[in-house]
Every structure is written in C-alpha cells, then in structure tokens.
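Engineer: Sequence:
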Amino acid sequence: PDDQDKIVISDFYNAITESDCLGVYMTLKMNEIRLKTNQLISQGYVFAGKTFPLSRNVDGVYTTDPQTNILALYTSKEELTYPIVFNTIDGFNHFICPDSETIENMYLTALSTKKAHEDSGTVLFQTISTSTTKAQIDSIIDPR
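So for the sequence shown, my numbering puts the first residue at -6; every next one is plus one.
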C-alpha cells in the first residue's frame, strides 16, 4: 500500500478500543468454560463407588449415548428383567443392578451430576456476561 493507505490502516487499528473487542474476549472465555464442562461430563458419574459414563468418544466425537441409555432404562425400569450388568467407564469393572429402584437412583445420580457441571458453568457464564473490561474477564477463574 502507498503511504496514504498505510496511514488509513494504522488509524483504523489504533482506533480499536478494548470495549470493541470485549465480545471476542467473552466468547473465548465462555469457550474455555464449555470445554471444562464437557471434560467434567466426560469423566462420568459415580454410583455405588463405581464410575459410569455420561458421554462416549466415538472416533474423536463425543456422544451422549450413555445419557440416552440410562434415560431409556429409567423410563422402562418396571418392564426390565433384572439383574442388569453395567460396565464402568474404564471397562475394567461392572455393577450388577438388582432392581428398578436402583435404576432410578442411578438415573437421578447421573442427572444431578450432569446438571451440577452445567449449572456451575452457567454461573461462570453469567459472571463473564456482566464483565465490562478484559481484566475482569481475565480474572474469572474456573475452579472446577
């Protein structure tokens, strides 16, 4: 570019303020929170001292199949034949579910675990969305 174009370009970039970029900072921080939430969910839920999956990695893509499966078992718990064997998240152990009450307790444990992770992320999102400076956004730490 010629000298005049260089001045115009320079003036444009020098006129950008922190508040012009605040939305970008917020999005980046929220993406960090989403990633952490997904990581926590991928660690599963603990029931009867054993960890069971809430998500599953299929060729690098995480699915919620385990959540769908436990919901399906919960909604049909009275029609199932017991006992039912559940594999742990690592596949090295199992849990023998004796009855429908246990299925219900497993479902409620899985649901509350996922909800806790998501709710804790929502609190952080709310804090980010009310920030008015990059320094405020940078000071938000995800303690989970």
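I should point out that these hints are in silico values taken from the structure, not numbers from a laboratory.
One or more hints might be untrue.
As the list claims (entries may be wrong) - Below, a list of computed lysine-lysine pairs in the DSS-like style, where the Cα atoms sit at most 27 Å apart:
#1 Lys43 to Lys108
#2 Lys43 to Lys107
#3 Lys70 to Lys127
Engineer: So, for every hint listed, does it hold in this structure?
Structural biologist: Verification of the hints:
| no. | hint | verdict |
| --- | --- | --- |
| 1 | Lys43 to Lys108 | holds, 19 Å |
| 2 | Lys43 to Lys107 | holds, 16 Å |
| 3 | Lys70 to Lys127 | violated, 50 Å |
Hint 3 from the earlier list is the only one contradicted by this structure; the remaining hints agree with it.
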